[in-house]
Amino acid sequence: MDIFVNPSGELSIYRQIMRQITDAIAGGRLKAGEKLASHRELSEQLVIAPLTVKKAYDELEALGFIETQRGRGTFVCARLPQPDPVLQEEQIREAARKLLSQAYLAGLRLPAVMKILKDADRELTGAVSTEKVKV
Amino acid sequence: MKPILEFANVSRSYKKGVPVLDGVTFSMTEGEVVGLLGRNGAGKTTLIRIAMGMLYPHAGSVRVFGLSPTDDPVAVKKRIGYVAEDQVLPGRLTIAELTAFHRYLFPHWNEALERQLFERFELSTGSKIKQLSKGQARQVALLCAVCHRPELLILDEPAGGLDPAARREFLETSIQLLNREGTAILFSSHHMSDVERIGGRVVLLDKGKVRLDRDLDRLREETCVALVPRGSDPEGAGIERTPGCLGVRLVFDEWHAVFDGAPDFVRHELHESLGVNGIRCVSMPLEEMFIELVGGDRS
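First to last, the protein sequences are chains A and B. Residues 45 to 179 (this note's numbering) are what the first sequence spells out, left to right. Residues -1 to 297 (this note's numbering) are what the second sequence spells out, left to right.
Please keep in mind that the hints were generated in silico from the structure rather than gathered at the bench. Don't be surprised by glycine CBs; every beta carbon is placed ideally from N, CA and C. There's no promise every hint is true.
As the list claims (entries may be wrong) - DSS-like mimics (lysine-lysine), calculated; alpha carbons at most 30 Å apart, straight line:
1. B:K14 <-> B:K76
2. A:K98 <-> A:K79
3. B:K132 <-> B:K76
4. B:K75 <-> B:K132
5. B:K126 <-> A:K98
6. A:K99 <-> B:K0
Stated by the list, open to error - If the Cβ cut is set under 7 Å, some of the chain B residues that face chain A in the computed set are:
7. L176
8. R218
9. L244
Whenever a hint applies, use it, and build me the whole structure from the sequences.
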């Protein structure tokens, strides 16, 4: 997958990395068991401090998305964290209500929101990025 | 982790009664990267020269690897690499002659690293120093500063005067050194995006004092700027008294105040202290934060 960072972006660099990896896992672009770039590779490709990559990987590991196998590297977990399905659906419904309320206040109609959702889906499932970096 | 560089209450002035550094205290541990920020004249270069043993502090103490850089200059310089802001290299020498001199000075000179950097920078050994471009001269200075594999690398404005491509190359090399050698780096810079890329922590000097010393991610996530209409607090005193306030300045008809804390929390605190609801609090990139903290009034 491709990762890119913007040092002056709204999120700190390690959060930008975390978000792109979780997005790629959610969209199926990173599959269970797939190997990620090492700290050193990713830090040199993105020209960022190795500790920043370590921080992103450590947090993703604590959240149960990736695992480090000593001497072999870092991989996407075979079993991803499974949240409570009822609770999860309730949260998603709440997020949808919030999204629609914000969109309607901004004067958007449902078809326009659907189009935005479809674009976001394409971004999650098919790679869209500017800086080509292999992870 | 062991501290490798410690400044304790360091003060120094060039003119009597006009301190350039005024009680600076901070330390660095092994493998740490610290970006030293501050406006021109804030004392960055003076502090770096004190760490290098090129200047004495007038008060306070500095320890590098636990040693005094003025009492044990050789022991300290063996383990330290330094590129000055206005590095003067001997123009009559060729690059090969200059590196041979360094190889002679440093018994642990790493020739493999030297060859690797020569290739990376595409330098030709026979070129005379005076014929090099500014970017190439910086590359030679970096090469001479790192091939003895220092535990601490001090770079004073490493990107000063370099074009974006040369700056990126300099950064890439520094990152490789971080990765491969575990070198700790103290660097001063005005390029905030460079600091955001490689700095783990920032120390902001302002009028000779440490204004801010913080982990960069924490600074991005747990510091924000509140924009308060002047009418809500004509003198700005209420904002200054609000817990977590790091600094206030007037920008035309609005107070810009930097706060410790996420935007929601700060909005709540300001509501408590000023009685004003819904004050805009925003997270800002390092460059904006820098301007807010040391930029002065614009009224």
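Hint validation: L176 of chain B versus chain A, beta carbon distance must be below 7 Å. Holds or violated? Holds: closest Cβ of chain A sits about 6 Å from L176 of chain B, inside 7 Å.
Under the criterion that the straight-line Cα-Cα distance not exceed 30 Å, is the pair K14 of chain B, K76 of chain B satisfied? Distance ~34 Å between K14 of chain B and K76 of chain B Cα, so the pair is violated.
Double-check R218 of chain B for me: the hint is only fine if its C-beta lies closer than 7 Å to a C-beta in chain A. Holds - the Cβ of R218 of chain B comes within 7 Å of chain A, reaching about 4 Å at its closest.
Pair hint outcome, K126 of chain B versus K98 of chain A [Cα-Cα no greater than 30 Å]: Violated: K126 of chain B and K98 of chain A sit about 42 Å apart, past 30 Å.
K98 of chain A and K79 of chain A were given as a pair; does the straight-line alpha-carbon distance stay at or below 30 Å? holds (15 Å)
Given the proposed pairing of K75 of chain B with K132 of chain B, does the C-alpha separation stay at or below 30 Å? Between K75 of chain B and K132 of chain B the Cα gap is close to 25 Å, so the pair holds against 30 Å.
Hint consistency between K132 of chain B and K76 of chain B [alpha-carbon to alpha-carbon, up to 30 Å]: Within the cut-off at roughly 26 Å; holds.
Tell me if L244 of chain B is really an interface residue toward chain A, meaning its C-beta lies closer than 7 Å to one of theirs. violated (18 Å)
Need the status of pair K99 of chain A, K0 of chain B: alpha-carbon distance at most 30 Å? Answer holds: K99 of chain A to K0 of chain B is near 21 Å, not above 30 Å.
Hints 1, 5 and 9 from the list above are not met by this structure, while the remaining hints are.
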